[in-house]
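Visitor: The chain contents come next:
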Amino acid sequence: MSEAPRPKRRFRQRTVIPGFGLTLGYTLTCLGVIVLLPLATLVAKAAGLGPAGIWAVATDPRVASALRVSFGVSLLAALTASIFGGIVAWVLTRYDFPGRKLADAVVDLPFALPTAVAGIALASLYAPNGAVGSQLAKIGIEAAYTPVGIFIAMVFIGLPFAVRTVQPLIAEIDKEVEEASAILGASRIATLTRVVLPPLIPAVLTGFALAFARGVGEYGSIIFIAGNLPYVSEIAPLLIVIKLSEFDYEGASAIAVIMLAISFVTLLAINLIQAWSRRRFGYV
Amino acid sequence: MSDAVASLPDSPDGTIRPAQSVVTERPWIRWLLIAVALTFLALFLVLPLITVFAQALAKGWGAYLAAFTEPDAQSAIRLTLTVAAIAVPFNLVFGVAAAWAIAKFEFRGKNLLVTLIDLPFSVSPVVSGLIYVLVFGSRGLFGPVLLEHDIQIIFAVPGIVLATVFVTFPFVARQLIPLMQEQGTTEEEAALTLGASGWHAFRTVTLPNIRWGLLYAVLLCNARAMGEFGAVSVVSGHIRGLTNTLPLHVEILYNEYNFVASFAVASLLAGLALVTLVIKSLLEWRYADDIAAGTRRH
Amino acid sequence: MLALLGPSGSGKTTLLRIIAGLDFPDRGRIIFGGDDATRVPVQQRAVGFVFQHYALFKHMTVAQNIAYGLNARRRSERPEKAEIKRRVGNLLDLIKLSGFADRYPSQLSGGQRQRIALARALAVEPRVLLLDEPFGALDAQVRKDLRRWLREIHDRTGQTTIFVTHDQDEALELSDRVAVLDRGRLEQVGTPDEVQERPVSPTVLKFLGDTIEVEAIAQNGQVLVQGRPTPLTAPQGLSGPVKLYARPWQLQFAEADTAHLHGTVRSSYRTQGRQRIEVDREGAKTVVVEASDTARLAQGREVGLRIVGGWVFP
Numbered sequence: 001m002s003e004a005p006r007p008k009r010r011f012r013q014r015t016v017i018p019g020f021g022l023t024l025g026y027t028l029t030c031l032g033v034i035v036l037l038p039l040a041t042l043v044a045k046a047a048g049l050g051p052a053g054i055w056a057v058a059t060d061p062r063v064a065s066a067l068r069v070s071f072g073v074s075l076l077a078a079l080t081a082s083i084f085g086g087i088v089a090w091v092l093t094r095y096d097f098p099g100r101k102l103a104d105a106v107v108d109l110p111f112a113l114p115t116a117v118a119g120i121a122l123a124s125l126y127a128p129n130g131a132v133g134s135q136l137a138k139i140g141i142e143a144a145y146t147p148v149g150i151f152i153a154m155v156f157i158g159l160p161f162a163v164r165t166v167q168p169l170i171a172e173i174d175k176e177v178e179e180a181s182a183i184l185g186a187s188r189i190a191t192l193t194r195v196v197l198p199p200l201i202p203a204v205l206t207g208f209a210l211a212f213a214r215g216v217g218e219y220g221s222i223i224f225i226a227g228n229l230p231y232v233s234e235i236a237p238l239l240i241v242i243k244l245s246e247f248d249y250e251g252a253s254a255i256a257v258i259m260l261a262i263s264f265v266t267l268l269a270i271n272l273i274q275a276w277s278r279r280r281f282g283y284v
Numbered sequence: 001m002s003d004a005v006a007s008l009p010d011s012p013d014g015t016i017r018p019a020q021s022v023v024t025e026r027p028w029i030r031w032l033l034i035a036v037a038l039t040f041l042a043l044f045l046v047l048p049l050i051t052v053f054a055q056a057l058a059k060g061w062g063a064y065l066a067a068f069t070e071p072d073a074q075s076a077i078r079l080t081l082t083v084a085a086i087a088v089p090f091n092l093v094f095g096v097a098a099a100w101a102i103a104k105f106e107f108r109g110k111n112l113l114v115t116l117i118d119l120p121f122s123v124s125p126v127v128s129g130l131i132y133v134l135v136f137g138s139r140g141l142f143g144p145v146l147l148e149h150d151i152q153i154i155f156a157v158p159g160i161v162l163a164t165v166f167v168t169f170p171f172v173a174r175q176l177i178p179l180m181q182e183q184g185t186t187e188e189e190a191a192l193t194l195g196a197s198g199w200h201a202f203r204t205v206t207l208p209n210i211r212w213g214l215l216y217a218v219l220l221c222n223a224r225a226m227g228e229f230g231a232v233s234v235v236s237g238h239i240r241g242l243t244n245t246l247p248l249h250v251e252i253l254y255n256e257y258n259f260v261a262s263f264a265v266a267s268l269l270a271g272l273a274l275v276t277l278v279i280k281s282l283l284e285w286r287y288a289d290d291i292a293a294g295t296r297r298h
Numbered sequence: 001m002l003a004l005l006g007p008s009g010s011g012k013t014t015l016l017r018i019i020a021g022l023d024f025p026d027r028g029r030i031i032f033g034g035d036d037a038t039r040v041p042v043q044q045r046a047v048g049f050v051f052q053h054y055a056l057f058k059h060m061t062v063a064q065n066i067a068y069g070l071n072a073r074r075r076s077e078r079p080e081k082a083e084i085k086r087r088v089g090n091l092l093d094l095i096k097l098s099g100f101a102d103r104y105p106s107q108l109s110g111g112q113r114q115r116i117a118l119a120r121a122l123a124v125e126p127r128v129l130l131l132d133e134p135f136g137a138l139d140a141q142v143r144k145d146l147r148r149w150l151r152e153i154h155d156r157t158g159q160t161t162i163f164v165t166h167d168q169d170e171a172l173e174l175s176d177r178v179a180v181l182d183r184g185r186l187e188q189v190g191t192p193d194e195v196q197e198r199p200v201s202p203t204v205l206k207f208l209g210d211t212i213e214v215e216a217i218a219q220n221g222q223v224l225v226q227g228r229p230t231p232l233t234a235p236q237g238l239s240g241p242v243k244l245y246a247r248p249w250q251l252q253f254a255e256a257d258t259a260h261l262h263g264t265v266r267s268s269y270r271t272q273g274r275q276r277i278e279v280d281r282e283g284a285k286t287v288v289v290e291a292s293d294t295a296r297l298a299q300g301r302e303v304g305l306r307i308v309g310g311w312v313f314p
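Chains as they are written, first to last, in full-length UniProt numbering: chain A, 1 to 284; chain B, 1 to 298; chain C, 1 to 314.
Keep in mind that the hints were calculated from the coordinates and are not lab data.
Remember, it's a predicted structure, so these values are computed and weren't measured experimentally.
Careful: at least some of the hints might be erroneous.
As the list claims (entries may be wrong) - So, partial list: chain A residues that the calculated Cβ filter (under 7 Å) puts toward chain B: (1) 20; (2) 27; (3) 41; (4) 79; (5) 83; (6) 87; (7) 125; (8) 129.
Even for Gly, the Cβ is constructed at its ideal location relative to N, Cα and C.
Construct the complete structure from the given sequences, taking the supplied hints into account.
Guide: So this is what it looks like as structure tokens:
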């Protein structure tokens, strides 16, 4: 046996585990019918307008304003959620205090609470006559029916992403590394800023991107509190609904495709962050 | 060792003061951070939840219960249960099949497949509804064919089911894939060498191994299926008593300034969310290792 | 009882999995007692396979694990419930874990799990029992006990058994025959005595224990090292430069004028009644000599070494 047979390049490696054809076939069929075909239809519909047509929709003053509101406010909200989410994650993982487990469970509320319920609750809470809204009104902040309301809803919806991406990494921090840093003479602040926090940056960025993407697409929890004033507090998803009700399918598709494109760029960014993080720190 | 161990004398003044621990912050910083975190959680998460129940009961139990006896509310409850009863089992079967194909076999294009399955999570709910209008709507891709055969999907129950399936599509698969990858294939191989058929091995070995992860995924999938608003709103047409799910019913009542009824129905959904969170937390505390392989992101 | 012996990555586990029907050969056939089993699916091969990490079913009790293969049979071939129970009981007796029927694998020690895995494999009355690194995950003492116990079981049942190991002691102690594998190739099959006394290649030789490699010359049937004859005879037709391999105990200290090798003592230590001495040689590899535990040799002392045994390969 002087020459070893070259392993054939197969579509899959042979194994005794049965059911590959059946399960993969079923998976691909479902994926195709439920996900890919409808999304392809959307892209085809928007493509029918041509690049100039899409550009025309995107630069329409009302659409441009809605996109600006959606993306701009979502950016601010994701930033806020990341900062406070980071503190929440740190507190929940590193400190022990009464009610810690309860607080930890509460973080997932936005995942479980239907967005419409969150929407009406936030609207009534932050309305000028609401429990928090009336206090805010005293210091001159109008929350409900302004972009501030959109911001509040987006923070609500993005918070769990910010917390849950960072939390497992904080839990995995090796205390010996902190001790090593202290033994080498670093102050607590120096240990935190130079040893503990840098490895968390990729996770924070990932959480930020997820919260941002979620905020841009969010609908249910926002429309009740936003007031939906064109050019002021109208979000892009709502504009899609409005275009649909006017049977302007092309216009709706164009906005949808623009939003999808930006979501994909965000997702791509997340993947790049994670690939970089895996190289740099050895984990995601 | 034969050297005598010399004992060190106590500190000169006879007391032992613990030094500040090097792996945590000073107490006042700790308490400040805890206060900030809890205030934030209270303002953004707990207060809205309390508001739902407070508003629902603002005019007493009579008004609260009246919201549910209304025929439109009852039909909304029925529709929501029906939609979940179709969408959740569908995604359960899909998720298990997809996880089996992806976790137990090595083939080319696997990463792409996983990405595509995840796709619905990154699509706005409104867009999730829109795409079905474009396919099945009267002016959509299959519109003329459906019209000819008098089949209505959009502004009818099938459209609501489809949109719900879409938004909950990745739940089960993405929970099970890492779990089953971590479990590997040796137990199945052991079953096969003992003469078990593939189906028998799946039923007696694989399924018991993934049961808690599966329950966890189904729980979250169900919560989303019953609570979905944006996607369903686009395809439902808001026909009272016919195509209104619970979240849509909440919206209609709210827009009619019928706040008590709106919050009452919302409290039902909030209750569902709370039950979901409680079971989810219990599962996480008891069966952490059987639910997820490392990560628990949604 | 056959041992598949080889360094890690030599393909022994793959070979075992191919025999079981869990992996597939690119060429060649698998024959069980005259029947070609190459195309027989794993379920019908009637093999018992003990996985390296046992692959016990965590959610089943010990008894359910052992009964799994019997319960998996089609109804028409499945034994009665009482019969299954009786067989499980017998196997539990055999592995000396009678009181453990209702425990779960997580409540057992490594050695106990190993025995359960064996009982589970035996329950289906396999034609051949396959064990993948059966003692790999156990600590030294348990490993020793289990080895002896496995040999006893084998002697009692006469079950055809193939096991994979990278530990030569384990292979030589337990097996009737040893197959030495290296990088996917079968180097030699033989009884433990055969492979030790007549290794067919340097690879086999090196894998079975510490060796010393010395440049030598084959001449007229004699093997010379540094011009001095050794007790070894050169194989037929071999002449010119050859390699001589010897074990540490095939070297003896000798006077400089009769020695084949020269060097200085670097260090020595005692182990189990013997003494191992490392000798540095100028311009050549350090060699290890094993001698009876007599007076220690001082570090740095000049010594001569005679070769009293060994093997010659081109």
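Visitor: Determine for every hint whether it applies to the structure shown.
Guide: For each hint, the structure was consulted:
1. 20: The hint holds - residue 20/A has a Cβ within 7 Å of chain B, the shortest such distance being about 5 Å.
2. 27: holds, 4 Å
3. 41: holds, 5 Å
4. 79: violated, 14 Å
5. 83: At 10 Å from the nearest chain B Cβ, residue 83/A fails the 7 Å test, so the hint is violated.
6. 87: holds, 5 Å
7. 125: holds, 5 Å
8. 129: Residue 129/A check fails; min Cβ-Cβ to chain B is 12 Å, beyond 7 Å.
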